[in-house]
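Heads up: the sequence lines are chains B and U, in that order.
Using the numbering used here, read the first sequence as starting at 1 and increasing by one per residue.
Using the numbering used here, read the second sequence as starting at 1001 and increasing by one per residue.
Think of the hints as simulated: they come from the structure by calculation, not from any bench.
Some hints could be false.
To give an idea of the chain U side of the interface with chain B (calculated C-beta under 8 Å), a few residues [said to hold, decoys possible]:
1) Q1052
2) T1256
3) G1276
4) I1297
Small disclaimer: the values here were computed from a predicted structure and weren't measured.
Beta carbons are placed, not taken as given, at the ideal position from N, Cα and C, and that holds for glycine.
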Amino acid sequence: MSILEVNRDVLPIWGSSKSASDSSELMVITSKNSSLQFTDATPPLLSEFQQNPTVGVAVELLNCAVIERYSDAALEAATFLVKYNNLPTSITQLILKTLGRNIELGEEAQNNKIQSLRLKVRQHQRDPITWVELSREYAIAGEKKKSKQAMLTAVQLSYGHRWITRSAARVFVHFNEPDTAHDILVKNPNIKTDPWLIATEMAVARKAGKKTKLWNVGKSLLDSKIKPVHLSELASSIATYELISGAEKKAKPYFKQSLIDPNQNSLAQAKWAERSSGLKKLVKVPLNSNLIAYEAQYWEAYNSGDMILALKYALAWFDNEPYSSSPPEAICFIAGLLEDYKLIGAVSVQGLKANPKNTTLKINLMFSWLTSKKLNSLSLKDKKTFENYEKSLLSTALSSNKFEASHALANLGMIYYRQGLIEQGKVYYEQSEELMPHNKLYVTINHLRESLIAEAQWSSEILKKTKALLSGPTSSATPAASFYLNKIDFLNKIDGTWEYKFANGDLLEKFTKSLSIQASPPMKSIESIFWLPKEFSSIASLSTFTERKK
Amino acid sequence: MTEPYENPAERLAGINLKDGWKVGEKLPTGRRGGGTGGFFSVSYSVANGKQQAFLKAFDIFKPIAKAVENGQPFTTALLLQLQAYEFEAQLHTICANSNMRRIVKILTHGQVDVALVPGEQFGTVPYMIMELADGGDVRSYIHNAPDFDTSLQLYYLRDVVSGLNQLHKAQIAHQDLKPSNVMIFSEAGAKIGDLGRASKQNSYGLFDTLNIAGDKAYAPPEQIYKLTLENWLDKRQRCDLYQFGSLISFLFFGMTFNTVLIEKLPTELIPIEWGGKNSSYDQALPFLTELFNETLIQWKESLPIWLADELIAIIDQCCNPDYRVRGMQKKTDSQLTSLGLDRLVSRLDNLGFKATIEARKNSARKTEQGLKA
């Protein structure tokens, strides 16, 4: 539920090194003039090869032609060399590749990522990227101390590298140590000139409750001749500050500047600004395109009411940022609208590895378990689990964090409804609504579902109330509620109990088709993205996820 | 019918030079011509009685014409070309006088006037005559047979690094070390040839202002990404060491690390110089390091156990994309004055000896198997 309430900031997106190597973040900020050029080595080598076709000359020709992009010369050399069977493996692979033949390469083992990365750093200790990757894998596995240590090693070896410094800042914020993150940033020798670092410093300073010392430098860089792609996050970070300070008007031009040549982070920040302020229609993020901006695309799809597409983008977002708690929360949120409670369970388990203290994910995991059981006829073992969960929900309901308290109360409401104690359930839901001032609507649609399943006499009143709330001021829960009410309208025309209708996947599919939403891009299946260790195979609801499918 | 115009440097075949040298056939060498500001040269075989040698004729007209086309005054362009020729001849003389046995020896140099063709105004061709390598160049020694003699490769590499060491001790950096510039002599082993792109510390050379003095296909990453370095050791000697590392990988794996870079890096990280989008050495470096280490792991797997660790360690020290850690010294102190090449000579010598023993063991094993059969 808290995904609607997250106070997002322009912290770097800590993708894999592979995704970073494809990004504009690594491009030089001010380019140097090109030097005098020599002519290429390939033409005279080709001429020599044509007069004197030997293996040595052909190998040199192939190397130079590949580097200098003379594809015909490379092909000529490769065609000559392919006859020789005893050449080294590396050049043989290049020959076959040049000739367009398939090379069979061993598939990298994915299941032991930490082990293979550890082996790599043991062999090459001065490789900062592998240390960053190791830190990321440790963060995903919830190994806080090891993750931090690996990242500090990477920073030491990186000569002030921009992406590594920003990743380090991200990991220390993730582990709730914004002061350390800030220290790392300000120690970077380029902190006063690099707009990417300044953008991050401002965001991290906000997290640490500090005042940035780079405000004036940052603002003057926005007026410089640096390419917009390098200024996008900086403009977004300054805009965020203005917005948080209540200066919406001042924030708007900075958001606009951030969107001239945006990246996935500044796009997502603009979507956040749209849903948490009066700044509307800042940007329309392209869907069904090759753009990689999963978080922003998730919100775009969600706002357009295409929950199937939103789910797919949320899954891709989680795949890209598996250490973060926001994507699993987003998946659970949408999966709830689609009644996919198994997915909620699997994703919560996965998300809790990296974020073991995340209360929202804990409650989601309980919800998944509770909805998979007949609460009035639990086995002895399940009864114990149930009692623990109930106790935990009751304790969270007293939390000072009103979102978490509201979430817990709603789940208690669901429990009582499903146990047949519907009056008590109603009370809990109403208490939950009271605590959730901004997104009351979301609690209400959940309450509506339970009252319909329980065939409570007040379900029509809740329906009316939901419709009334929906026609009022919009909130970030509006698309969810609108989607859900449409679904209820659709299901209402179908025979059968509400319990049956909510649990029937075919009906849900018919409903989404009836919305005539555009076809979603083909993406990986859920089971191929999420998998759980074998120990979970005994839990029926999660067994689908215990074998990794390709 | 018109015949293609051949400029004077192309018309030396059959000419008699001073001191009894007679120019023979043109030789295909695969040497590149220089672009703006560079050299063009044509190679010939020459003989003086029974002594066979190699002649490098400098075509000064093409670069002058190009320079004039680009707005440079004719006299300036001519002067630069002559200075460059004199500079190279001078370097060779230093090497010969210092008795550098691992550098191809200059026998003589001078200039010759060829008969002018109608319309031509100058027919002077400067030239150098060098000792001729009877074994060709080292490209013939790439591993291409199961029973290939690895000791030869290792001893040739030892000779090359010994040559680099001799140059570095004389404050000369080669800058253009590549397989076609390593000449093989049946009696003397391997020697480094072509000082056409070399630099001398504290002297001005025609190519000293360029980011990349040699072929860009062999240039170290810091040059390809246009990193400006001031320190002689970093800028010149570490470039030579990178090119030496590339020579090792060329002989043993048929590939240079530069080829791996262009094959495996995403466009965003490929230097602009090579048609990519990136011109920042600092931002690309950690990714180059990662790729380099992965490549070393793969290369290591294809080597015999007795050779793998040591040879890969040598490539790591020579060819590391981080110029600061390139060298045999354990410290990365910026005050270093040498790369410790003496040590590398010994290591390659030991490896060559090890290879000889391994070859003998293999041969004995085969004989034993043959007898049993």
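Structure-based check of all given hints:
1. Q1052: 18 Å, violated
2. T1256: Status holds, d = 6 Å.
3. G1276: Given a least distance of 10 Å, the restraint on G1276 (chain U) is violated.
4. I1297: 7 Å, holds
When each numbered hint is compared with the structure, violations occur for hints 1 and 3.
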